[in-house]
Structures are given as structure tokens and as C-alpha cells.
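Engineer: One-letter residues, chain by chain:
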Amino acid sequence: MSDESVAAALRSGASLVVIEAPGGCGKTHQGAQYAADAAEIIESRILILTHTHAACDVFAARTASSRTRVEIRTLDSLIGQIASAYHGRLDLPADVSAWSRTNEDGYNRVAIKVAHLLDKKPLIASALARRYPLIICDEHQDATAAQDQIILALHKAGVYLRIFADPMQRIFGGRNATAIAAEIKRWTDLKEQANEFEELDTPHRWANTNPALGAWVLTARATLRDGGQVDLRGALPNGLRVIRADNVARAPGQYQLAAQHRTPLTQLMRPLNSVLVVAAHNTTVSSLRAFFNRSIPIWEGHTREALDGLCNGLRIHNGNPLEIGKIAVDFVSGVATGFSPTGYSRLLLDEIEQGCTKRRTKKPAILQSLGRIILEQPDHQGVGRFLATLRALTKDDEAFAAIKIDHSREYNDAIQLGRYASPDEGLAEIARRRAHSRAAIPSKAVSTIHKAKGLEFPHVVVAACDRQHFSDTKAARAKLYVALSRATESLTLLVSHTHPTPLLHI
Amino acid sequence: MGEEKVVEAKPAVPMILRLRIERYRGLESFNWLPDPHVNVIIGGGDNGKTTILDAVGLLLSPANSVVISDADYWKRAPEGEFIIEAVLKLPPDTGINEQKKPSWPWEWDGNKPVVPNPDDEETDRKEEVYVVRVRGTPDCDLAYEICQPNGEFDHFSVSVRRKIGLVKLGGDDRNDRDLRLIQGSALDRLLSDKSLRAKLAKEIGEKNVEEKLGDSSKKKLSDLDTQFGKQALPINLGLGLVGGQGFSLNALIGLTAEKHDVRLPLSSWGSGTRRLAALEIASSNQNEQPITIVDEVERGLEPYRQRVLVKELMAAPTQAFITTHSVAAIKAATSASIWYLSGERKIGKLADATSPHMMKDPEAFLSRIAIVAEGATEVGFVKFLILKAVSSTPLEYGIWVTDGGGNDPTLQLLESLAKSGLKFSGFADDEGRAPERWATLKTALGGLLLRWPKGCLEENVIEHVADNDLEKFIADPDGDSGERLRTLALRLKIEEKSYAAILAAAGSPENVRKLIIAAATGSVPAGTPEDQKKALKSHGKTWFKTVGGGFELGSKMLAFGIWPTLEGQLLPFVNAIRQSVDLPVIAELPDE
Numbered sequence: 001m002s003d004e005s006v007a008a009a010l011r012s013g014a015s016l017v018v019i020e021a022p023g024g025c026g027k028t029h030q031g032a033q034y035a036a037d038a039a040e041i042i043e044s045r046i047l048i049l050t051h052t053h054a055a056c057d058v059f060a061a062r063t064a065s066s067r068t069r070v071e072i073r074t075l076d077s078l079i080g081q082i083a084s085a086y087h088g089r090l091d092l093p094a095d096v097s098a099w100s101r102t103n104e105d106g107y108n109r110v111a112i113k114v115a116h117l118l119d120k121k122p123l124i125a126s127a128l129a130r131r132y133p134l135i136i137c138d139e140h141q142d143a144t145a146a147q148d149q150i151i152l153a154l155h156k157a158g159v160y161l162r163i164f165a166d167p168m169q170r171i172f173g174g175r176n177a178t179a180i181a182a183e184i185k186r187w188t189d190l191k192e193q194a195n196e197f198e199e200l201d202t203p204h205r206w207a208n209t210n211p212a213l214g215a216w217v218l219t220a221r222a223t224l225r226d227g228g229q230v231d232l233r234g235a236l237p238n239g240l241r242v243i244r245a246d247n248v249a250r251a252p253g254q255y256q257l258a259a260q261h262r263t264p265l266t267q268l269m270r271p272l273n274s275v276l277v278v279a280a281h282n283t284t285v286s287s288l289r290a291f292f293n294r295s296i297p298i299w300e301g302h303t304r305e306a307l308d309g310l311c312n313g314l315r316i317h318n319g320n321p322l323e324i325g326k327i328a329v330d331f332v333s334g335v336a337t338g339f340s341p342t343g344y345s346r347l348l349l350d351e352i353e354q355g356c357t358k359r360r361t362k363k364p365a366i367l368q369s370l371g372r373i374i375l376e377q378p379d380h381q382g383v384g385r386f387l388a389t390l391r392a393l394t395k396d397d398e399a400f401a402a403i404k405i406d407h408s409r410e411y412n413d414a415i416q417l418g419r420y421a422s423p424d425e426g427l428a429e430i431a432r433r434r435a436h437s438r439a440a441i442p443s444k445a446v447s448t449i450h451k452a453k454g455l456e457f458p459h460v461v462v463a464a465c466d467r468q469h470f471s472d473t474k475a476a477r478a479k480l481y482v483a484l485s486r487a488t489e490s491l492t493l494l495v496s497h498t499h500p501t502p503l504l505h506i
Numbered sequence: 001m002g003e004e005k006v007v008e009a010k011p012a013v014p015m016i017l018r019l020r021i022e023r024y025r026g027l028e029s030f031n032w033l034p035d036p037h038v039n040v041i042i043g044g045g046d047n048g049k050t051t052i053l054d055a056v057g058l059l060l061s062p063a064n065s066v067v068i069s070d071a072d073y074w075k076r077a078p079e080g081e082f083i084i085e086a087v088l089k090l091p092p093d094t095g096i097n098e099q100k101k102p103s104w105p106w107e108w109d110g111n112k113p114v115v116p117n118p119d120d121e122e123t124d125r126k127e128e129v130y131v132v133r134v135r136g137t138p139d140c141d142l143a144y145e146i147c148q149p150n151g152e153f154d155h156f157s158v159s160v161r162r163k164i165g166l167v168k169l170g171g172d173d174r175n176d177r178d179l180r181l182i183q184g185s186a187l188d189r190l191l192s193d194k195s196l197r198a199k200l201a202k203e204i205g206e207k208n209v210e211e212k213l214g215d216s217s218k219k220k221l222s223d224l225d226t227q228f229g230k231q232a233l234p235i236n237l238g239l240g241l242v243g244g245q246g247f248s249l250n251a252l253i254g255l256t257a258e259k260h261d262v263r264l265p266l267s268s269w270g271s272g273t274r275r276l277a278a279l280e281i282a283s284s285n286q287n288e289q290p291i292t293i294v295d296e297v298e299r300g301l302e303p304y305r306q307r308v309l310v311k312e313l314m315a316a317p318t319q320a321f322i323t324t325h326s327v328a329a330i331k332a333a334t335s336a337s338i339w340y341l342s343g344e345r346k347i348g349k350l351a352d353a354t355s356p357h358m359m360k361d362p363e364a365f366l367s368r369i370a371i372v373a374e375g376a377t378e379v380g381f382v383k384f385l386i387l388k389a390v391s392s393t394p395l396e397y398g399i400w401v402t403d404g405g406g407n408d409p410t411l412q413l414l415e416s417l418a419k420s421g422l423k424f425s426g427f428a429d430d431e432g433r434a435p436e437r438w439a440t441l442k443t444a445l446g447g448l449l450l451r452w453p454k455g456c457l458e459e460n461v462i463e464h465v466a467d468n469d470l471e472k473f474i475a476d477p478d479g480d481s482g483e484r485l486r487t488l489a490l491r492l493k494i495e496e497k498s499y500a501a502i503l504a505a506a507g508s509p510e511n512v513r514k515l516i517i518a519a520a521t522g523s524v525p526a527g528t529p530e531d532q533k534k535a536l537k538s539h540g541k542t543w544f545k546t547v548g549g550g551f552e553l554g555s556k557m558l559a560f561g562i563w564p565t566l567e568g569q570l571l572p573f574v575n576a577i578r579q580s581v582d583l584p585v586i587a588e589l590p591d592e
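Chains A and B, in that order, are what the protein sequence lines are.
Going by our numbering, the first sequence opens with residue 1, and the numbers climb by one from there.
Going by our numbering, the second sequence opens with residue 1, and the numbers climb by one from there.
Where hints are given, some of them may not hold.
To be verified - With a straight-line cut-off of 27 Å between C-alpha atoms, the simulated DSS-like cross-links for lysine-lysine are:
#1 A:Lys362 to A:Lys444
#2 B:Lys194 to B:Lys100
#3 A:Lys156 to B:Lys101
#4 B:Lys100 to A:Lys156
#5 B:Lys442 to B:Lys383
#6 B:Lys346 to B:Lys112
#7 A:Lys120 to B:Lys194
#8 A:Lys120 to B:Lys89
#9 B:Lys383 to A:Lys120
#10 A:Lys120 to B:Lys126
#11 A:Lys156 to B:Lys556
#12 B:Lys101 to B:Lys194
#13 B:Lys89 to A:Lys156
#14 B:Lys101 to B:Lys75
#15 B:Lys472 to B:Lys442
#16 B:Lys259 to B:Lys331
#17 B:Lys497 to B:Lys556
#18 A:Lys185 to A:Lys444
#19 B:Lys220 to B:Lys230
#20 B:Lys207 to B:Lys194
If you are wondering where the hints come from, they were derived from the structure by calculation, not from laboratory data.
Computed from a prediction, not measured in an experiment: that's the story for all the values here.
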């Protein structure tokens with residue numbers, strides 16, 4: 001197992017090569033170099049399949065010299081293309097990508113249909129195999145079962161596969177134990193099926209910053225993978241710090257530290273120009289934003305779940321003021337804090353229901369005027385105006401100052417929706433623009449571990465290393481590893497005294 | 001013929017499984033499922049055989065520069081667009097899957113392309129096919145398109161068309177593109193030297209052509225140079241070979257061969273040699289399995305070389321489309337599928353049942369209308385009828401009478417011809433067998449099928465001979481009655497062979513008539529000793545069981561005034577034949 005053996009395996013005649021690729025060990029370099037080399041030798045296309053547009057860009061930059069031979073795209077776009085070609089047989093409309101975007105679990109449902117199609121109709125897989133005789137799969141641990149099935153159907157049709165995956169970076173989400181077990185089995189099956197299996201084990205990412213930290217992260221990864229406890233006793237590498245700190249917040253989902261625990265963290269962070277604070281849960285991240293006095297923005301990543309939900313609702317309930325009002329409330333609650341039922345939303349919805357006719361003064365009058373916007377125009381444009389007005393109020397009106405917009409980009413996207421003829425059209429255009437003008441990552445950010453996947457920061461703080469956020473499950477182990485491996489220079493863990501995570505040994 | 005097996009054993013070759021033509025030239029709507037190997041199309045002139053071949057040629061054209069005109073559109077109406085669409089089986093090396101945009105496969109269900117349905121019940125793997133088309137637009141431009149299963153169209157690139165390969169031996173005498181280095185020609189594909197053009201352009205460009213000019217011409221050029229200078233135009237004029245748009249140096253380069261120590265372009269040889277040469281170039285290119293189209297295989301070739309050409313096409317694994325009017329070519333096309341294109345632009349395959357007949361009398365399949373007569377008598381009788389009632393020069397009208405070889409083979413032949421859509425006519429007896437099949441056939445052929453309601457031709461004519469005419473009727477065209485009277489005497493078991501003796505022995509004219517019918521049909525009465533049966537049977541030949549006999553029977557029908565009684569049946573038949581060759585219907589027999 002070395003960079004050389006991985007390179008050799010990739011270049012071997014084996015039809016299925018699987019590379020276990022921990023983050024920071026040169027996976028993209030290996031993949032891109034291999035693609036460029038292969039492009040010199042074989043005459044056909046080489047396809048690199050990623051899971052994100054960001055990864056596409058990275059590969060594109062590294063294979064620029066062989067651009068004509070190397071095609072780089074997301075797995076979802078390939079699946080969408082197959083589905084479009086046969087949409088009639090799959091009960092899908094001609095514009096499959098719009099359908100995927102605007103339907104719940106749309107991408108996965110399309111993938112399931114396409115997997116079924118390729119399974120039953122091998123001639124389609126064969127045609128694709130002739131088009132793409134060599135496919136390099138990036139971050140294959142992120143593939144869903146259906147996506148995995150599609151890749152293997154292509155392999156069966158003759159495609160040579162080079163698969164890079166870090167099973168420790170799987171995000172299992174809120175899935176149940178059976179689903180997680182199936183995910184794990186998929187990986188072991190793939191490994192067994194492979195003609196060649198190799199592992200990258202040189203921590204290149206840390207070579208110029210903190211090699212000792214890199215080595216420690218790789219060891220921690222192995223420990224977490226193999227079911228062990230990461231040992232924080234004894235000598236730790238330079239740059240790795242543990243701060244013992246308990247969450248003292250009373251409300252569930254909130255995060256707060258006692259002053260004496262907070263001081264060392266403040267001292268640690270003050271001199272840093274660039275730092276990423278991660279936590280396992282969404283609510284904890286929102287709470288951390290308040291914790292840092294809203295001085296550090298939340299990294300919203302490249303997906304917009306609340307916006308997708310808003311769009312869905314707008315489409316379904318177009319013209320129904322009360323339902324549109326509820327959807328708008330749900331959206332604001334999802335991307336901001338403080339928009340509480342008692343303070344705002346219940347009154348707002350009551351006003352809409354009663355037609356905004358009663359005489360009101362002060363804050364209720366303002367809420368009534370907000371309600372009237374939706375009442376008069378119960379669609380995406382009304383909601384856009386409503387959101388813009390509300391945002392202005394949070395800045396200008398004392399009575400609305402309690403509302404804090406955490407996901408300001410997503411909030412802004414929702415306002416922009418109002419400028420398009422339909423919410424779906426707006427969503428498509430906004431998504432397209434987001435994919436092209438990749439938002440710069442702020443120098444300081446708070447993020448969920450999920451959205452931090454793929455990010456690199458010199459300094460990383462992992463908040464809330466407690467039992468609640470990291471229990472002893474495969475999912476939590478993967479999550480902790482993703483958090484640990486984001487840092488290139490220093491890594492700070494906030495570990496609870498009272499309920500420490502069982503994954504760490506203090 | 002077991003085609004399926006043959007095809008499987010051969011390497012994958014590009015193949016047209018279905019050809020659909022809409023509004024192209026004289027074909028308004030045409031749909032055809034050709035066979036995987038050699039397809040020979042026969043049929044009358046102007047039926048559209050060449051149009052079919054040209055359509056295939058246009059669809060698979062290795063050039064982008066084909067020019068079309070309004071004459072290529074149905075009724076010369078370009079606004080209606082034309083479409084030539086093919087369902088193709090394409091081997092991977094045609095690069096169909098490596099185009100800029102993906103080409104998505106369809107499934108072939110044996111008759112049409114279907115969008116693969118993951119939920120269908122059938123488990124057998126269907127053939128992977130692609131649907132391509134060329135569309136003549138209202139602006140007389142060509143649009144080459146791949147039809148995707150979702151109803152969208154992508155470009156059907158010239159590179160794929162070239163890789164499918166097309167060898168076209170056209171009917172056009174000047175067409176020798178495959179013997180030249182024109183881009184995409186068979187010669188270009190075989191030699192495939194992509195740098196030649198550039199090298200030539202350089203070399204030729206360096207030649208100073210003006211040095212070869214005569215003195216006075218040189219002066220004119222130099223005067224022009226001066227004029228140019230005065231007008232501030234470019235100066236130092238010279239002459240050189242210059243390329244240009246739509247003008248390729250390579251097109252001037254063709255294959256040459258030595259004859260009497262002189263290098264001559266192959267294009268100056270006879271058209272037959274040129275065609276064989278083009279085919280040879282194509283078949284020596286191992287990298288391709290082109291679809292071959294040959295218009296009028298007989299063109300410029302003696303029968304023996306026609307056979308060579310057809311045999312060569314049959315030996316190749318590739319699909320070929322051939323038209324012909326040649327008996328020799330059809331006889332040589334033993335393993336080919338023969339198709340008939342009717343005047344109604346319907347194409348039908350001649351079933352296997354027709355093959356033996358095709359070999360025996362190929363001209364029947366090349367005529368405008370062929371009449372299958374049941375036996376020799378019927379052939380002679382029909383020939384007489386045609387001469388008398390249709391035309392004194394039937395061959396010029398494309399009317400051909402062919403011997404069906406008996407009642408049952410005639411039925412079988414007519415049935416398979418009816419399926420092919422060929423225009424055929426039948427003339428047969430009712431022998432009481434297979435009434436339903438005959439009835440079906442009658443529905444299909446209408447007036448073109450004549451069957452006596454009862455009995456055979458001889459019976460139907462002879463039973464109407466008047467008592468007084470019997471003696472004269474017996475005499476053959478030379479006035480000789482001896483042989484025929486002998487057959488009657490033998491059947492009466494009397495020695496004397498005079499008509500009087502026979503009439504006396506028979507007892508009545510009615511009995512004589514029956515006796516003649518028995519002898520003419522060669523019937524053998526029950527209880528005849530074994531050793532005499534053969535002799536009795538052979539009596540038919542003495543009477544009318546020859547082509548000449550049938551002809552005689554026909555003329556006697558007129559001479560003895562029997563026509564009026566048979567007119568009700570024969571006149572509709574005659575008129576059906578007349579109509580099929582565009583002659584007006586008649587109400588009675590024309591005078592001489």
C-alpha cells in the first residue's frame with residue numbers, strides 16, 4: 001500500500017480497481033494523473049464521475065491538457081441524461097432534471113428508475129460502455145444504492161472502473177440501522193468484487209503544514225473505522241488541542257459554554273485569521289452562530305434544502321394565502337432564528353386567515369401588513385416581497401431585531417425567486433448560477449460536519465464532542481472522522497466532562 | 001433458407017432492417033423490411049426501384065455536399081419535406097456510440113424499432129438498433145439526423161456515415177466517384193492517407209504554370225500585371241493550381257492503369273469494368289463492411305460478368321441492394337432475396353415457393369404481367385386468346401405466359417406471388433381440390449384469375465361443339481385426322497378408324513363428344529388392364545396437351561362458333577389483362 005502501488009493498480013489491466021482513499025491522501029491527484037495518462041494511450045473518452053460540481057471543477061483544472069478526451073460530470077447528470085433519453089418508459093417528463101429538482105427525493109427516484117432500466121435492458125448499458133469504456137468514480141462512498149447499481153451495470157457491460165472511495169466519509173444521515181448495515185455491506189461487496197484493491201496512506205494534505213497532525217488523523221481514522229476509541233491521553237501531536245467544556249444550555253439543541261470554559265477557546269481563536277467551527281447537528285450550528293455573537297457566518301454549502309421545500313410548497317399551494325403563509329413561515333424558521341410562533345408567526349398566520357381586516361397598531365399592525373402582502377399575492381412573488389420586507393424589518397425595527405437570519409444566502413435566493421415567472425424556473429436558474437459562480441468559502445465559518453465535507457481549513461474547532469452528538473455508531477464514527485480531517489494545521493476538540501463521546505478516550 | 005443462422009455466423013456488419021421513405025421523388029409513402037444479405041429488386045420500369053437505391057445512397061452518403069432539387073420531392077413540392085429513415089444495426093466500430101452526443105439504442109421487435117421498456121414481460125434479448133434519417137427541408141437542404149427514443153433528433157454525422165461505408169455502383173454512366181480520391185469514396189477509404197491533400201497542394205502550388213505559356217499569352221499576362229499595378233491591385237501575377245471551396249484537388253486524382261504501355265485513367269474503361277473495379281476496391285478494404293447498392297447490375301456487363309458480380313456480392317457478408325432486369329443476374333442470385341416492386345410502389349418478397357419457377361422461367365418475373373397457366377394446353381390457349389383479344393405483339397406489352405406445371409403447383413405459385421404484391425394472372429381448371437385457397441386467391445386477383453367453374457379447359461370447349469362440326473373439329477391444323485381417330489377407335493375397341501364407324505360404334509354425336517373429351521384429357525376408364533393404361537393416358541398429347549394443341553383449341557373455339565357460349569367467362573379475363581397493360585376494355589372480340 002503506497003502511492004506507487006495505487007498508481008500501478010490504476011494502470012493495471014484489471015477491469016475493477018477499488019482504491020480506499022482517505023481525505024488528504026492525494027486521491028484527486030492520483031485520479032487526475034491517471035486520467036491524463038490514459039487519455040494519451042486510449043482513443044476513446046474517459047469519464048470522471050463526481051458527486052458535486054465543485055469536484056468537477058477540481059478535476060477539470062487538473063486534466064485541462066487532455067480536455068478533449070476526458071469528460072467530467074456529476075453522476076446525477078449522467079443518470080439524468082439516460083433518464084431523459086428513455087423518459088417515456090420511466091414515467092418521467094421530458095425535462096428530467098427539473099423533475100429531479102422539484103420532487104421530493106427526485107434524484108434518487110430517477111436513479112432507481114435508471115438502475116432498473118439498465119438492469120432489464122443491458123443493450124443500453126452496452127451502448128454506454130462503448131461510449132465510456134473507462135470510468136473513474138470519485139467519492140464513491142457518497143453513491144446511493146441505486147447509483148452504485150448503475151455503475152456496476154456499466155461495469156457488467158464492459159466498462160473498466162476505477163473507483164475512489166473513503167467509506168469513513170459516508171454521511172449516513174438519519175437512516176436506520178438496517179439501511180446503514182446495507183450501506184456497509186455494499187462497500188465490503190465492492191471490495192471483494194474488485195480485481196485490485198489498494199489504499200492511499202500518505203497524508204499529502206499535511207505535508208507542508210503539520211505532518212504530525214496528518215499522521216495522527218490517519219491513525220484516528222483507522223481506529224474509528226475498526227471500532228476503537230481514539231486515545232487522547234499522553235503526548236499529542238503539535239497543533240492538536242483538547243479543551244474540556246460542557247454544554248450548559250438549557251433548551252434542547254442549543255449550545256452554550258460556561259465562562260471559564262469559554263475563555264481558553266476565545267484565546268485560542270482570537271489570533272486566527274481563518275478558522276472553521278464544526279458541529280454534528282444543524283441546531284447546534286445555529287446556536288454556535290449566536291454563541292460567537294453572530295460574528296462568524298454559517299457556511300451554507302452548495303445545497304439549499306429549505307429553498308427546495310419552499311419551492312415545492314409554492315408550486316402545490318399557489319393561490320392559497322393561508323397555505324402559502326405557512327410555507328413562508330416554515331422557510332423563515334428553517335433559515336433564521338427567533339422567528340417564533342409566540343412572537344411572530346402565529347399572529348401573522350391568524351391575520352392572513354382573518355383577511356387582515358382588523359384594526360391593529362404597532363407590531364401587530366406591521367405583522368398585518370406583512371400578512372397582507374401574502375394575502376394579496378399568494379405566490380412566489382408575494383413570498384419574495386414578504387421576505388424582503390421582513391429582512392428590512394430585522395435591521396430597521398426594534399420589534400423585529402430578535403429575528404436573526406442564519407442562512408442569508410438561502411434567504412436571499414428565496415427573495416430572488418420572486419423575480420422569475422415560476423418558482424421552478426427561478427429555482428433552476430438560481431441553482432445554475434450557484435453551480436457556475438461557486439460561492440467563495442469565508443475565511444471563518446460555522447458549519448455542520450455534513451456541509452464541511454470537502455472543505456479544508458488551517459484551523460478547525462470541533463464543538464460538542466459529547467455523547468449526544470457522537471454516540472458509538474458507525475454513522476457517528478464517520479462523522480467524527482470527517483470533522484477531524486478538515487484541519488491542516490491545528491485541530492481543537494471541545495470535549496464534554498459530563499457526557500464525553502465514547503469515541504474518544506480522555 | 002435458414003437466413004437467421006447464416007447471419008449469426010457472420011461478423012457484425014451494418015445492416016438496414018427497415019427503410020421508410022416519405023415523399024421522396026415518386027415514392028409518397030414506402031415501408032420495407034429488407035433482408036440482411038443480398039436484396040434483388042425487380043419490377044417494371046418507373047416503378048421506383050432506382051429511387052429506393054438512391055434513397056439508401058443519400059441516407060448513407062459519405063459526403064456532405066450532396067445537392068438536391070425540388071425534383072427530389074414528391075410532386076416537386078419541397079414544402080412537404082421528404083424523409084428517408086432507416087432502422088440500422090450498427091457494429092461498434094462505426095463509432096455510433098462515440099459521437100459528440102450520445103446515440104441511444106432502440107430495440108428491434110422484428111417489424112419496428114421500439115423504445116426499450118424495462119417492464120416488458122419478454123425476456124429474450126432483442127437486437128440493438130439505431131434510427132437515422134435524412135430529411136429534405138423546404139429549402140432543399142439536407143438534414144441528417146439520429147432519432148432518439150425520446151423523440152429528439154441529434155446530428156447523424158458524416159463520420160459515422162463514412163464508417164458504415166457505402167459502395168454505390170450507380171446507373172449513372174459518369175459516376176465513378178469510387179475510383180477517385182474524393183473524400184469518403186471507396187478508394188479514399190482504402191488508401192486513407194489524410195496528409196496527401198496537403199502534400200499535393202504544396203507541391204502543385206510551387207509549380208510556375210506561367211512559364212509554360214506561349215509568348216503572346218505571356219505578354220497578355222504581363223500587360224495585365226501592369227494594369228493591376230496602375231489600379232493599385234496586387235502585382236507580380238502568375239499562374240498556379242489553386243484549390244477552392246467545393247473544389248478538391250483530390251477529386252482530380254483517380255486510379256490509373258496501363259494499357260498498351262500508356263497510363264490511362266480507369267474511368268476511361270467501359271462501365272462494366274469500372275463497376276467491377278469499384279466493387280473490388282471496396283471489398284479489398286478489410287476495415288469496412290459497406291452496404292452496397294448496385295443499380296442495374298447488368299449495366300455494361302455480359303451475362304458471364306453479371307454472374308461474377310452477383311456471385312461476389314453473395315459471397316460477401318455485407319448487405320446489398322440490387323436492381324436488375326437481367327435473366328442471367330436473377331438466375332445467378334441463388335441465395336439472394338428477390339423482391340418485386342409493383343406499379344403501386346408496394347414491395348413484396350417472392351416466397352421460396354417461387355424460386356424453382358424463377359430458375360425455370362425468370363422472364364415471368366421481369367414482365368409487366370405474367371399469366372400463370374396451369375399446363376401446356378392452357379399456355380397455348382391463353383397465348384391464342386391474348387393474340388386475338390389483347391395484342392398481336394404481347395411481348396412488347398410486357399405480357400408473358402408461363403407454365404405453372406400442373407394444378408397444385410400453379411395454386412402454390414399464385415399464392416406466393418399474391419403475397420409478394422406482384423401483378424400476376426392465373427388460368428387454371430377446377431380439379432375440386434383446395435376450394436378455400438382458390439377462393440382466397442380469387443378475391444386477391446379478381447378478374448385476373450380464370451378458373452372454369454367445372455371441369456377442365458378441354459371439356460369446357462369441346463362440350464359446345466355442334467354435332468355437325470364434330471368430324472371437322474377432330475382434324476388437326478394440317479387437316480389430318482388419322483391419329484386422333486385412332487385414339488377414339490382404340491377406346492371403342494373397333495378396328496375401323498373412319499368417323500362414320502366411330503359415330504356408329506359410339507351410338508350418338510353426344511357419345512362421340514364424350515369420347516373426344518376422354519381422349520383429349522387422356523382419361524383412363526376403370527377396369528383398363530395395367531399394360532394399356534399408359535397408352536390411353538398418352539392420347540392427350542395427340543389432341544391438345546401441348547402448347548400448340550392449346551393454341552389450336554383456342555382457334556377452334558372461334559372457328560366453330562363456341563366463343564359466344566364462353567364469352568361470359570373469357571371476356572372479363574381478357575379485359576383484366578388489357579387493363580393491367582393500360583389497354584381499354586373491350587365489349588367483344590376485335591375483328592382481325
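Engineer: So, for every hint listed, does it hold in this structure?
Structural biologist: Cross-check of the supplied hints:
1. A:Lys362 to A:Lys444: violated (38 Å)
2. B:Lys194 to B:Lys100: holds (22 Å)
3. A:Lys156 to B:Lys101: Since the Cα atoms of Lys156 (chain A) and Lys101 (chain B) sit roughly 23 Å apart, the hinted pair holds (cutoff 27 Å).
4. B:Lys100 to A:Lys156: Cα-Cα ~24 Å, so holds.
5. B:Lys442 to B:Lys383: holds (21 Å)
6. B:Lys346 to B:Lys112: Since the Cα atoms of Lys346 (chain B) and Lys112 (chain B) sit roughly 18 Å apart, the hinted pair holds (cutoff 27 Å).
7. A:Lys120 to B:Lys194: Violated - the C-alpha atoms of Lys194 (chain B) and Lys120 (chain A) are around 43 Å apart, more than 27 Å.
8. A:Lys120 to B:Lys89: holds (20 Å)
9. B:Lys383 to A:Lys120: violated (62 Å)
10. A:Lys120 to B:Lys126: Measuring from Cα to Cα gives roughly 11 Å; hence the hint holds.
11. A:Lys156 to B:Lys556: violated (80 Å)
12. B:Lys101 to B:Lys194: holds (25 Å)
13. B:Lys89 to A:Lys156: Roughly 22 Å between the alpha carbons, so the hint for Lys89 (chain B) and Lys156 (chain A) holds.
14. B:Lys101 to B:Lys75: violated (35 Å)
15. B:Lys472 to B:Lys442: violated (36 Å)
16. B:Lys259 to B:Lys331: violated (34 Å)
17. B:Lys497 to B:Lys556: It holds: about 22 Å lies between the C-alpha atoms, which stays within 27 Å.
18. A:Lys185 to A:Lys444: violated (38 Å)
19. B:Lys220 to B:Lys230: holds (15 Å)
20. B:Lys207 to B:Lys194: holds (22 Å)
Hint compliance for this structure: hints 1, 7, 9, 11, 14, 15, 16 and 18 are broken, all remaining hints hold.
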